[in-house]
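J.: Chain by chain, the residues run as shown.
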Amino acid sequence: MKLIRTLGALALGAAMTVAAHAEDIKPAVVYDLGGKFDKSFNEAAYTGAEKFKADTGVEYRDFEIQNDSQREQALRNFARRGLSPIVAIGFSHANAVEKVAKEFPDTKFAIVDSVVDLPNVRSIVFKEHEGSYLVGVLASMASETGKVGFVGGMDIALIRKFACGYKQGALAQNPDAEVYQNMTGTTGAAWNDPVKGGELAKSQFDRGADVVYHAAGGTGLGVLQAAADAGKLGIGVDSNQNALHPGSVLTSMLKRVDVAVDTTFKDAMNGNWSSGVEVLGLKEGGVDWALDDNNASLVTDEMKAAVDQAKQDIISGKVQVHDYMSDQDCPV
Amino acid sequence: MFEMMILILDSTVRLSTPLLLACLAGLYSERSGIFDIGLEGKMLGAAFAAGAGAAVTGSAWLGLACGIVVSVALALLHGFASITNRGNQIVSGVAINFLAMGLTALLGQDWFRQGGQTPPLPVEARFTSLDWPFAEALRDVPVIGGLYSELLSGHNLLVYVAFLMVPFTWWALYRTRFGLRLRAVGENPAAVDTAGISVTWLRYRAVICTGILCGVAGAYLSTAQSASFIKDMTAGRGFIALAALIFAKWRPVPAMFACLLFGFLDAVAIRLQGQELPGIGEVPVQFFQALPYILTVVLLAGFIGRAIPPKAGGTAYVKERT
Numbered sequence: 027m028k029l030i031r032t033l034g035a036l037a038l039g040a041a042m043t044v045a046a047h048a049e050d051i052k053p054a055v056v057y058d059l060g061g062k063f064d065k066s067f068n069e070a071a072y073t074g075a076e077k078f079k080a081d082t083g084v085e086y087r088d089f090e091i092q093n094d095s096q097r098e099q100a101l102r103n104f105a106r107r108g109l110s111p112i113v114a115i116g117f118s119h120a121n122a123v124e125k126v127a128k129e130f131p132d133t134k135f136a137i138v139d140s141v142v143d144l145p146n147v148r149s150i151v152f153k154e155h156e157g158s159y160l161v162g163v164l165a166s167m168a169s170e171t172g173k174v175g176f177v178g179g180m181d182i183a184l185i186r187k188f189a190c191g192y193k194q195g196a197l198a199q200n201p202d203a204e205v206y207q208n209m210t211g212t213t214g215a216a217w218n219d220p221v222k223g224g225e226l227a228k229s230q231f232d233r234g235a236d237v238v239y240h241a242a243g244g245t246g247l248g249v250l251q252a253a254a255d256a257g258k259l260g261i262g263v264d265s266n267q268n269a270l271h272p273g274s275v276l277t278s279m280l281k282r283v284d285v286a287v288d289t290t291f292k293d294a295m296n297g298n299w300s301s302g303v304e305v306l307g308l309k310e311g312g313v314d315w316a317l318d319d320n321n322a323s324l325v326t327d328e329m330k331a332a333v334d335q336a337k338q339d340i341i342s343g344k345v346q347v348h349d350y351m352s353d354q355d356c357p358v
Numbered sequence: 191m192f193e194m195m196i197l198i199l200d201s202t203v204r205l206s207t208p209l210l211l212a213c214l215a216g217l218y219s220e221r222s223g224i225f226d227i228g229l230e231g232k233m234l235g236a237a238f239a240a241g242a243g244a245a246v247t248g249s250a251w252l253g254l255a256c257g258i259v260v261s262v263a264l265a266l267l268h269g270f271a272s273i274t275n276r277g278n279q280i281v282s283g284v285a286i287n288f289l290a291m292g293l294t295a296l297l298g299q300d301w302f303r304q305g306g307q308t309p310p311l312p313v314e315a316r317f318t319s320l321d322w323p324f325a326e327a328l329r330d331v332p333v334i335g336g337l338y339s340e341l342l343s344g345h346n347l348l349v350y351v352a353f354l355m356v357p358f359t360w361w362a363l364y365r366t367r368f369g370l371r372l373r374a375v376g377e378n379p380a381a382v383d384t385a386g387i388s389v390t391w392l393r394y395r396a397v398i399c400t401g402i403l404c405g406v407a408g409a410y411l412s413t414a415q416s417a418s419f420i421k422d423m424t425a426g427r428g429f430i431a432l433a434a435l436i437f438a439k440w441r442p443v444p445a446m447f448a449c450l451l452f453g454f455l456d457a458v459a460i461r462l463q464g465q466e467l468p469g470i471g472e473v474p475v476q477f478f479q480a481l482p483y484i485l486t487v488v489l490l491a492g493f494i495g496r497a498i499p500p501k502a503g504g505t506a507y508v509k510e511r512t
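Protein chains in written order, with the working numbering: chain S, 27 to 358; chain X, 191 to 512.
What the hints contain is simulated information worked out from the structure, not anything from laboratory work.
It cannot be assumed that every hint is accurate.
[Stated by the list, open to error] Cβ-to-Cβ under 10 Å is the rule here; a few derived chain X residues that face chain S:
(1) L205
(2) A285
(3) A295
(4) S343
Beta carbons: idealized from backbone N, C-alpha and C, even for Gly.
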């Protein structure tokens, strides 16, 4: 009898630990301007959230903001309804997250691409310069003219970080390479102007560039289109954009926002939640370059070997890629 | 240097085209006495309809037709509010801008589930560049080759349509009965009415012309210059076109030059970004981006002289006091 009772207690205890392990969470995502199907940054977050849903069967809520004033509203609205964790996608959310996270100290927040120093906020930042370095190496090798281009969206430190890493990679592979850099604009509209992106790419082609890397959200679709139209090569960013123009996209710099979102949700669910700053680089699998059927014919074995070598060197610390944001300056 | 100039001018032509079409569109409406700040909204609506139409049907021409239909519908809405119901033309124009901004994003999301974008168009569903005869052969001839092969040849059909619309508009406005009446109704609708011509019908015809041209401008953005509609892709071009119209004092040929000037500044801003200029150093790109607006103010204030709008512009015509 006693034995049965003990067993029962054990079973109950085990059941309780399982329950404690898989917390009943109600996760939410707030996307940045550009929307969740931008085929780039926000879409990566969407993919991650969908993966979480498929893996665990837990529903999540999401919101696409239409203007800057909605950031705070959206976050507060989710927090008030008891959703947690709430993942804000994009550096522009930093102020809003800081404000709302203070108001709801028991709610878990996470922000991608920025650091908010609060006890209930997990900040996830990526080493985009490392991934950009890799595609810079590839661009330099694929270029026949020795001239490669970069088109950025809004002129901010984060995008200069992409540009700087790319330039370092291109020059490391070919010290004589020329790298043209253009930014689309200085306002949020710079993320959504494919016409201007296309013109910027064309201007770089006219100057002799034959590979162009973009870090410009929706504007970048115009860049890749211009590259495809002109018979040159484009390089995608954030999500795998190789399939947009098969044969004309050399590769994509993957920024695994999807993994970040998925992991954040699962950590909260399994009780592994931690606050603080998480930096995801090549070593952590946070950034990478994309190789699939769409670009297999563009990447030679030699290129593959070189980029794998560069990857190992960065992971082992033999090559240090300078981070533009550390001193607001690019050494190359 | 010469080659650089040609490339800048080539880009100028591409960038001026939507401005020119929208500017001529505004010309018809404003010359008839209907102010239209809804050019932006009509262009945006047309860009969406053209992008969506071309994506669904796979034909650039059907896309263009969709764009024109939507733009004309929005123009008629503006007409209904401001001609038939004598509403405030500015308010109605602003309403159309907001309507287009919201509806395109909403419908785009609902139909295609790509965040308000339309699916990327294949080459067959776009207006692609037309190469003129002998363009390849003449490419290496100095001066003429550059001018002919780069500047004149190799644009898409809508670019040529836009520039042909300039002489056509001039002819329609100054050499036809319709044009005479159109100009009269914008200056003195009472006189037109006394002559036994319907002010309402004339003004409706004018806004329909506006709708058609805005439709072409929108289709150019989404199916010729780029390959899909993207949320808010007009990016203020409708307002620049309006500035160009004022700049040109509501005349077609100066309107073309004003649009070319704005297109040129845009092209220069793109080309010169991040490049060192001899003697000056690197010019901040913000300077070039602000230049069209600064230029409008400076030239209007100092060089062009007063731009006097059509006298009856902005006021609804009231036939009889009641």
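J.: Against this structure, judge whether each hint is valid.
T.: Going through the hints against the structure:
1. Taking 10 Å as the C-beta cut-off, the interface hint given for L205 of chain X holds, the closest approach to chain S being about 7 Å.
2. The criterion of a C-beta within 10 Å of any C-beta in chain S is not met by A285 of chain X, whose closest approach is roughly 18 Å, and the hint is violated.
3. At a threshold of 10 Å, the smallest CB-CB gap from A295 of chain X to chain S is about 8 Å, leaving the interface hint in force.
4. Given the 10 Å rule on beta carbons, the hint for S343 of chain X is violated: about 16 Å separates it from the nearest Cβ of chain S.
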